[in-house]
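The residues making up each chain are set out below.
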Amino acid sequence: DVKVTQSSRYLVKRTGEKVFLECVQDMDHENMFWYRQDPGLGLRLIYFSYDVKMKEKGDIPEGYSVSREKKERFSLILESASTNQTSMYLCASSLPRTAEKLFFGSGTQLSVL
Amino acid sequence: GESVGLHLPTLSVQEGDNSIINCAYSNSASDYFIWYKQESGKGPQFIIDIRSNMDKRQGQRVTVLLNKTVKHLSLQIAATQPGDSAVYFCAENTKTSYDKVIFGPGTSLSVIP
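Respectively, the protein sequence lines represent chains A and B. All the letters of the first sequence, read from the start, carry residue numbers 1 to 113 under this note's numbering. All the letters of the second sequence, read from the start, carry residue numbers 1 to 113 under this note's numbering.
Keep in mind the hints are simulated off the structure, nothing from the lab. One or more of the hints may lead you astray.
[As the list claims (entries may be wrong)] No more than 27 Å apart at the CA atoms, straight line, and that leaves these computed lysine-lysine pairs for BS3-like:
1) A:Lys101 with A:Lys53
2) B:Lys37 with A:Lys18
3) B:Lys56 with A:Lys18
4) A:Lys53 with A:Lys3
5) A:Lys55 with A:Lys71
6) A:Lys55 with A:Lys18
7) B:Lys42 with A:Lys13
8) A:Lys101 with B:Lys56
9) A:Lys53 with B:Lys100
10) B:Lys42 with A:Lys55
11) A:Lys13 with A:Lys101
12) B:Lys56 with A:Lys57
13) A:Lys3 with A:Lys71
14) A:Lys70 with A:Lys53
15) A:Lys70 with A:Lys57
16) B:Lys68 with B:Lys42
17) B:Lys71 with A:Lys55
18) B:Lys100 with A:Lys57
[Claimed, not checked] Partner residues are not named here, just some residues of chain A that face chain B (Cβ under 8 Å, in silico):
19) Gly40
20) Leu41
21) Lys101
22) Gly107
Treat the numbers as computed from the prediction; the structure is a model and nothing was measured. All C-beta atoms in this analysis are idealised placements derived from N, C-alpha and C, irrespective of residue type, glycine included.
Just need the whole structure built from these sequences, with the hints factored in.
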């Protein structure tokens, strides 16, 4: 069965901390994505990757960076966490040229105090 | 501009009735539309999709209708069940960038037993 695993369900961090959100997929998918989800705003794309060591900015990349050293793992990094980055973060993966059909993890609820 | 929005943020339906969830999109260049279902504590899951060369597609108890003239998309759920309670997102694939999917804000469906 298809599986996207996010390392933490809940995280609480302090302003200014460096935060790592990890995502692993076991489907051998080339495409991986990071979204944040906020009430009334739907899902907004932060970064995506179509291959190992490749990354592209999404719609709201400011304050974030990503790392994709292995095909199955895509990490989201908050260089210096701020309170406006409190949100639900969702990782997703898909096959090439089928980015529409995304497989999502269960999400990480991040609170920045 | 590029945006996908929903007409109603919440919807309550009696168990056994049919549900209709609406979505408006603004990018006439979008050629692929998807509905996702997000249950509490989980990531969104793919329900059904439709390409712009179609106006209707049916799945198991779900039907998606596409009206390109007025840029409107709807999801119909037949004989709504308590397990259908969730947030439903419409999403569009826009060709302004490679494999970019834009999500709407979501509609929360509550099924009344």
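Requested in this report: Would you pick out the hints that fail for this structure and give their numbers low to high?
Outcome: Hint check: 2, 3, 11, 12, 16, 17 fail, others pass.
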